[in-house]
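**Q** Okay, here's what each chain looks like letter by letter:
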Amino acid sequence: MSALFLFFAIASCLGAVLVVISQSVVRMAFWLVVSLGSVAALFFLADADFVGAAQLLIYVGGTLVLLVFGVMLTASGPYMKIETSPGETAIAGVVGSLFLFMVISSTPSGSAQLTLDEDGHTVVKRTGDWEAIHDAVKPATSTPDDGSFDDKSDGNTLRPIGWALLGLRPDRVDITRETEAGKKKEAADPASGPTAAPGYLLPFEIASVHLLVVLIGAAYLARAKRRSDEAS
Amino acid sequence: MATLNAYLLVGAVLFVCGVICMATKRNGIGVLMGVELVLNGANVNFVAFSKFTSLGLDGQVFSLFIIVLAAAEAAVALAIALNFYNNHLTIDVDRGNKLKG
Amino acid sequence: MSIDQLLNTTGRDLSVYFNAELVLSATVVLLLLFRLFSIDRFVPGSFVALVGALVAGGFSVQQVINIEDGTSVVFFAGMLKHDLFTVYFRIFLCLFLILTIALTVLTGIPDSEDSPDFYTLLLGSTIGMMMMASANHLLMLFLGVEMASVPSYVMVGFLKGRKESSEAALKYVVYGAGAAGVMLYGISLIMGVLGTGDMAILGSQLSALGGGLGSPGVMTVALGALLVLAGLAFKLSLVPFHFWAPDAFEGAPAEVAGFLSVASKAGAFALLVRFLLSLTGAETAELMTWFGLGLGLIGILTATYGNLTAYGQTNVKRLFAYSTIAHAGYMVMAVSAFVVLQNSDTATADDVSNSLSSLLFYLAAYLFMNLGAFAVVAMVRNHTFREDLTSLKGVGTQGNWVGICMAICVASLIGIPGTGGFFGKLVVFASVYKAAEVSSFMYVVLAFAGANTVFSLFYYVKILKAMYLEEREPGIQPVQVPTAERLYLALLGVMVIITGILPNQLAVIAKDAGQSILAGIGG
Amino acid sequence: MSILAAEVIPGFLTDYLGIQDSSVLSILTAVAHAALLFGVFSLCPFFFIWLERKGSGRIQDRLGPTRVGGKFGWLQSLADGIKLIQKEDLCPPAADALLFRMAPYIVCVASFAAFIVLPFSSSWVAISADCGLFIMLAILSLEVFGIIMAGYSSGSKWSLFGGMREAAQMVSYEIPLAICALIPIVAAGSLNLGEIGDMQYGTSFGILPNWFLFHDPFTFVAFFVYFVVATASCKRAPFDLAEAESELVGGFHTEYSGMRWSFFFMGEYASMFAVCGVASILFLGGWHTGLPGLDTALMEMRRSGAGGLTVESYMANVFGMGVFLSKAAFLVFVQIWVRWTLPRLRIDQVMVTCLKYLVPISCALFLGAVVWPLLFIMSGNGTGITDPVGVRASEIFMESNADGDEGSSGDFSDASTSDSDSTMTVGLATGEVRK
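Line by line, the protein sequences are chains A, B, C and D. So for the first sequence, our numbering puts the first residue at 1; every next one is plus one. So for the second sequence, our numbering puts the first residue at 1; every next one is plus one. So for the third sequence, our numbering puts the first residue at 1; every next one is plus one. So for the fourth sequence, our numbering puts the first residue at 1; every next one is plus one.
Derived from the structure by calculation, the hints contain no laboratory data. Ideal placement from N, C-alpha and C gives every residue a C-beta, glycine not left out. Treat the hints loosely; a few may be bogus.
[Stated by the list, open to error] In silico SDA-like cross-links for lysine to any residue, where the CA-CA straight-line distance does not exceed 20 Å:
{"id": "1", "chain 1": "D", "residue 1": "356", "chain 2": "C", "residue 2": "32"}
{"id": "2", "chain 1": "C", "residue 1": "163", "chain 2": "A", "residue 2": "223"}
{"id": "3", "chain 1": "C", "residue 1": "163", "chain 2": "A", "residue 2": "34"}
{"id": "4", "chain 1": "C", "residue 1": "163", "chain 2": "C", "residue 2": "244"}
{"id": "5", "chain 1": "C", "residue 1": "393", "chain 2": "C", "residue 2": "475"}
{"id": "6", "chain 1": "D", "residue 1": "54", "chain 2": "D", "residue 2": "67"}
{"id": "7", "chain 1": "C", "residue 1": "163", "chain 2": "B", "residue 2": "26"}
[Stated by the list, open to error] Computed list of chain A residues with no C-beta within reach of chain C, every gap over 12 Å:
{"id": "8", "residue": "11"}
{"id": "9", "residue": "14"}
{"id": "10", "residue": "62"}
{"id": "11", "residue": "215"}
Construct the complete structure from the given sequences, taking the supplied hints into account.
**A** Here is the structure:
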């Protein structure tokens, strides 16, 4: 597990770095495939099978193929190169490292990792800041067991995700929020039913409208104008 | 080994590489690849938080939406890039210099 | 929640709280179906879109009547929020949509072949903006921004044969996608640490972590919030994320530029307010005050940069792009004042809601004056085939309504008394002044806001000068607009005047809307 | 194979080799699994290449290979392989060497990895994932990337055209492929390939096999659409435009030689088998024979192994694997048959076939398949073949086989069943029922 994680983590980071320093667009695409494919593997390792498969199918098999297709259609020479001046790269590298340092240093310290309990179930063990954070935010988002997403399912999150997209959340028990805002809301409109956890019906449906609109837009730009064809 | 912070580190590296890629590449499609890296940095974060913190399933659902929306965005971006290429015969972003003020 | 409950609540949500968006979505489908079956030859796409926008607007107005004062309802299982603030923006966006469709019909920018595509994009983008205005979950924040932006990338490049247009679209999409990615990374940090994306409880979760920057996780959340704000600042074209705006506006058709300059800003401002309010909790006052002051600084930079750079422009659309940037600066000052007041102990609730309603009032006034200016640019372009200042020369003395409308709009953009822009600036400055009692930095903001009004005078007067004092250059077509266009311009001009002479009605509505969102958040 | 993974292989390792360390054990088990899969994976091309040569010979009124390995030329593929290994590994100077060398591996690995979630018999699967079908389609879709890489990096016009055609074709055909694969999923209510296979046990009306093919009219048509699309997605004739020798010399593999060339074909034949295997699980009952008495007897034998591994259940599964392999092999044979019978289409015809015909047809079928069970649920008298198969089969099978596939009885549905009856109603409509 940890060896696999290490392998794919390094592969995805290395792939990302090589995307940045590659000069040829298709090589960039190749390294991007390596990076994003490894990210999909990390998803599998994090028990997110469905997300990992979606990443492979949509991102690597769809979006990246589309990008490479775009490269082929717009290549002016046999191998399209992009020159980036060394100075620019150096500046970008320094700024990037500084930002990376900022992100890392702002991340809470301590660790959260998976361990086995007596029954052989994996549980999340948190130490340091993460434990403090978990204790602080837990009351508002109580979930069946210790608050983290259920681990007994071994990555079989398909059904809960399906329920969530329908708007039902069997993975989260009904909770009475102890926060002020939650109380108020429920008091204000009891007819709205228990809002135990967000159900994602609306985003799921509205994303389809979005995709439709976007598809029309892309098709409009890509298609040739009929009238100009007739004129010529 | 596979701790939350290790995942977050991967996410941060992807994010920073993506930002550098967006900043340095001249090629429109190269910039889009940087964008994909940035989005994946966020995706790794979401999945990791979903696993290790009380975010739970919401993280996974969020990352699914990201994947779908990123695909839509890439399709549009590619159509625009092809349109740019048809007009300019290049995809070099800096070569477009009609718009200066 | 069982299936029965789900069906019931979803049906109620769709028919009561979401009907405007639903109508627009249906109109999108209808537009495509009409083309599929070739009905669009008899029923033009613009007509379908206009009817859809009118029905959606009607529903939105009906929502005002139905809504009880001060209530806010969370619907779609916590995804969206329905209060007067939401409805205000819905009506605002529907009104603007109707006006934009009318303008495109008059200027004929999408020809009949492309009109279903164009209106599909326009409506889709508007749905996104409406959801930005009502977002109650970070997912809807992101989804709304994406839905509003991605169609607008295409709209900017809608004249696909033109070099400028495709260049503008490429720059816009590349930067826009990057900004969305950065914003998303910020969202991931916030959600991960706070364990929820529900904007109703983000603030209390953040308070639970402990207010100070030192406690674990707060710094991560602050960084995440900064990244989200950077993404929103991009949508609002605030300095230093403004660079796309002049290029995109210059390359886009004037109608699209007008739409983007007002509608997408309105959606983004609503979202900015919602996002900042969501982070407000019992112990986050210090952090939020810093955000407020930072926004004030951004406002200074943005307004000053916009006004100073606009002076050198010769292209009218580019000039108005910088003017848009400057006005975004003024509006951010209002947001800054609002955040500072909201998080202070001394400010009264009245001051807080006044500062918010000043933003809403300004937006409403800005709608008419900016759309009027871009409409004039579009109409002049149709006659002269150019969009630089030269094309405007002598237009005012040709005895048609174009010059008068432009003069009114420009006067309002400057902020001359008797126009809506004057009252807009007045209420914004007043709320900044109120905020200055809390933090003295806001005096600096106020001083810059005042100075900027003077700066802006120079380039706006340049337009007036070109129209009224300079001779029309030989070889440029005269501008003779037909009656329909005259009426349209007259309508916009009259609206600018009305918001200037009778601001009270609008101010009352804006105040109610401002109070509703504050009531929902519970102080 | 998950039974193998859970019991047989680790048991063997502990008992006979004396390995106790759990991490070493899991790694060795994984290696053993990979070796098993690789055996299947490398055998399919060998067999199918021979079959293709033989079949094409017969169709063209020839004998085909006859020399190597006796009368039928059994070992022709081996001879081919040895010849290919001996050939020089060329890399043209105009090529992008790194990508040129990597491309065949991507193709090969993508089609190999798809076998991870493909069950060969009841619960004989390397990884039993809840979204197995989805993972399988996702991994298979990676193959196209290797081909585009190969086409682009060869530095040759023929290759580039081949790669571009492949990209356009694959991205288009993935849509009807996924939609057609979803149609039996609507009836099954599961994406787990093992569960789907188990559901199709027995017969309906006494004679008709309880396969999704016969579940409703839409799945029946969907099978044929799926088969056409799967043929195209393996870039097999008449859709093999990426390597149309009359136009593009060799298409994307023009510049390849030796082992790298053969990797493309290993991948091609393996993915042919993979999509046909998916077809036989989704539509043709997987490892069930569909014969009235036999299935019941086999099921009894399998059930005897619910508590642990027995010879009977093992033999039943071996027989099931044979059934499954023959079904898939028959479908592959049909693909070969079609290849040597039909002329190649033009590229525009390929695209028109997909976008103007197959996509609308599959969408219509999908809609029909969704509405079909609802109609019978609403009329309230759904029995027999009109019932969602998922419910029937899962009731028959799951009750007595409490062991089942791990993770098949989702933990979350426990919470959902307690909600209300209406949850169950909708669950029934999609065949989603868990006791």
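**Q** Work down the list of hints and note, for each, if the structure agrees.
**A** Hint check:
At roughly 17 Å between alpha-carbon atoms, residue 356/D and residue 32/C fall within 20 Å of each other, so this suggested pair holds. Annotation: proposed proximity of residue 163/C to residue 223/A holds, straight-line Cα distance about 17 Å (limit 20 Å). Taking the CA atoms of residue 163/C and residue 34/A, the gap is near 35 Å; set against the 20 Å cutoff, the hint is violated. Under the criterion of a C-alpha separation no larger than 20 Å, the hint pairing residue 163/C with residue 244/C is consistent with the structure, at around 16 Å.
At most 20 Å may separate the alpha-carbon atoms for a hinted pair to count; residue 393/C and residue 475/C meet this at roughly 12 Å. The hinted pair formed by residue 54/D and residue 67/D meets the criterion: a straight-line CA distance of about 12 Å does not exceed 20 Å. The suggested pairing of residue 163/C with residue 26/B holds, with an alpha-carbon distance near 18 Å, which does not exceed 20 Å. The Cβ of residue 11/A lies farther than 12 Å from every Cβ of chain C, with a closest approach of about 21 Å, so its non-interface assignment holds.
The beta carbon of residue 14/A sits about 20 Å from the closest Cβ of chain C, which is more than 12 Å, so the claim that it is off the interface holds. Every CB of chain C is more than 12 Å from the CB of residue 62/A (nearest about 16 Å), matching its label as outside the interface. For residue 215/A, the condition that its CB be more than 12 Å from all CB atoms of chain C is violated, with the nearest at approximately 10 Å.
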